[in-house]
Amino acid sequence: MKIAAVEAWIAAPLQRYVDEARARLALLLHPSGQAIAQAGFTRRMDVMTACALAAASHATSSELGKYVDGKPFRGLHYAGPEKQLYLATIETRAGTYICLTVFDDESSLGLVRMYFDDLVRELTTAAPVAPETPAPALTADFEAELNKNLAMLFGRGEVIITNA
Amino acid sequence: MSLVNYANREITCKIVYYGPGRSGKTSNLHYIYGQVPDERKGKMVSLATQTDRTLFFDFLPLDLGQISGFSTKFQLYTVPGQVYYQTTRKLVLQGADGVVFVADSQKRQLQENIESLQDLHHNLAEQGMEARAVPLVLQYNKHDLPSELIHSAAEMSDALNFRGVPEFTADALHGPGVFETLRAIAELVLKRLSAGQSAGAGAR
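Sequence lines, in order, name chains A and B.
Going by the numbering used here, the first residue of the first sequence is number 1, and it counts up by one from there.
Going by the numbering used here, the first residue of the second sequence is number 1001, and it counts up by one from there.
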C-alpha cells in the first residue's frame, strides 16, 4: 500500500477511504490534471497519465451533463470486466479536487460511494483556508542546469540557442 | 498550476501547445517523444480522430531531472486546433503554467494564426488568467517549406509577436527549433515559479 500526498491534510483521510471502501487505488487530482495524492496500489499504471485522462474524462462528463441535464454530472462510474472506476468531485475551501477510485470485486459501487461521502466530509473539514506554500528557491545557476538536462534529454552535447 | 511537493522535492509544471489546426503541435510532441530516452518520459497519449486529428489532447510527461535540488517534471499537452473544438481547448488550457503557440508559417494560414492567438487570449482571460502574464513562446513552424510559400520570421513576428516574447522558427517534423522552443518555455515557467508567481491557481 502506497500513500503519497502533496498536502499533508489529505493523506490520512484518503488512506482511510481506500481501506474502508476496499478500493485498489484512489488518486486525488486537480482539475488541470495534476496529481495531488495517491493511496493504494498503482501497479504498472502511470499516475500522471491516469490523472491527465481522469481530468479530461471528468471535464467532458461535466460539460455533457450541462448539455443534457442543465448541470454538470457529479459522478461517473465505469464498470469494466475486472476493474471499476468511480470519478467524482470534492469541493473544499482549499479548492476543487477530483477523486479517481479504482476498485474490483473486493468492493462495490455502493460501498465506494458510501465511503466517498465520508471522504468528502473529512476533506471538507480538514481543508485549510487558501493554503499557501512558498515558491521553490531556484539557485542562480538553474538555467545552466536546465540547459544541461534538456541537452541530455535530446542527446545533445552542446546547447546553442538561436532566436528566430 | 505548478505543483511543488516539498516532501519529496518535486516540481510538476503543465505546458500547453496551442495554435491553429494542422500547425504542428502534435508533431512537436512526437519529435520530443522520439528523442527522449525511455526512462525520462512517460507514455504519450493521443486522443485523436480516425484521421489522426487531435480530438481532445495529446499528453506527454517528461522528466527533466534535478534542477536546484528539485526533481522537475513537465507535462506537455496539445489542444485540438480546429475552430469547433473551442470547449475542449478551454478545458485543456485550465491550470497551464506556460503556453507554446505553434504558428503555421504558410502565407495562406496567417489569418488562422491571428484568430487562434486571439482565441488563446480570450480563453485565458475567461479562466481568470492574465494573458500577458502567462509565460508564452512563439514557434513559427514549417520553415522547411519553400520560401515563396511561407512568411519570413520577421513577417511572422510583426503579425503575432506584439508581446515581444521568445520566438523560434521550426521544422517540427524533423526537429529544428523544437528543442529551443521547449527550453525557452521551461525557462520562463521556472523563472516565474521561482519568483512566486504561478500562472494558474497558485503553487501547492
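For the record, the hints were derived by calculation from the structure and aren't laboratory data.
Any given hint might turn out to be false.
To be verified - A few chain A residues that don't get close to chain B, going by computed Cβ distances all over 10 Å: (1) R16; (2) D19; (3) E91; (4) D104; (5) G110; (6) M114; (7) F142; (8) G155.
As the list claims (entries may be wrong) - Quick look at which bits of chain B chain A covers, simulated, 3 or more residues with Cβ under 8 Å: (9) 1010-1016; (10) 1038-1044; (11) 1067-1073; (12) 1092-1103.
All C-beta atoms in this analysis are idealised placements derived from N, C-alpha and C, irrespective of residue type, glycine included.
Checked hints:
With a closest Cβ-Cβ approach of about 19 Å to chain B, A:R16 is found to remain outside the 10 Å limit, as its non-interface label requires. In this structure A:D19 is separated from chain B by more than 10 Å, as the shortest Cβ-Cβ distance comes to about 21 Å. Under the 10 Å C-beta cut-off, the non-interface status given to A:E91 relative to chain B holds; the minimum distance is some 14 Å. With a cut of 10 Å on Cβ distances, A:D104 stays outside the contact zone with chain B, its closest approach being about 23 Å.
The beta carbon of A:G110 is kept farther than 10 Å from every beta carbon of chain B, the shortest such distance being approximately 30 Å. Annotated as non-interface, A:M114 keeps its C-beta farther than 10 Å from every C-beta of chain B; the closest such distance is 29 Å. For A:F142, the shortest C-beta to C-beta distance to chain B comes to about 5 Å, within the 10 Å cut-off, and the non-interface label is violated. For A:G155, the shortest C-beta to C-beta distance to chain B comes to about 7 Å, within the 10 Å cut-off, and the non-interface label is violated.
Counting residues of the region 1010-1016 of chain B whose beta-carbon sits less than 8 Å from any beta-carbon of chain A gives 3, enough to reach three: the coverage restraint holds. Under the rule that three or more residues need a Cβ within less than 8 Å of chain A, the assignment of the region 1038-1044 of chain B holds, with 3 such residues. With 6 residues carrying a beta carbon less than 8 Å from a beta carbon of chain A, the region 1067-1073 of chain B meets the three-residue requirement, and the given coverage holds. Remark: the region 1092-1103 of chain B is confirmed as covered by chain A, as 4 of its residues place a Cβ nearer than 8 Å to a Cβ of that chain, reaching the required three.
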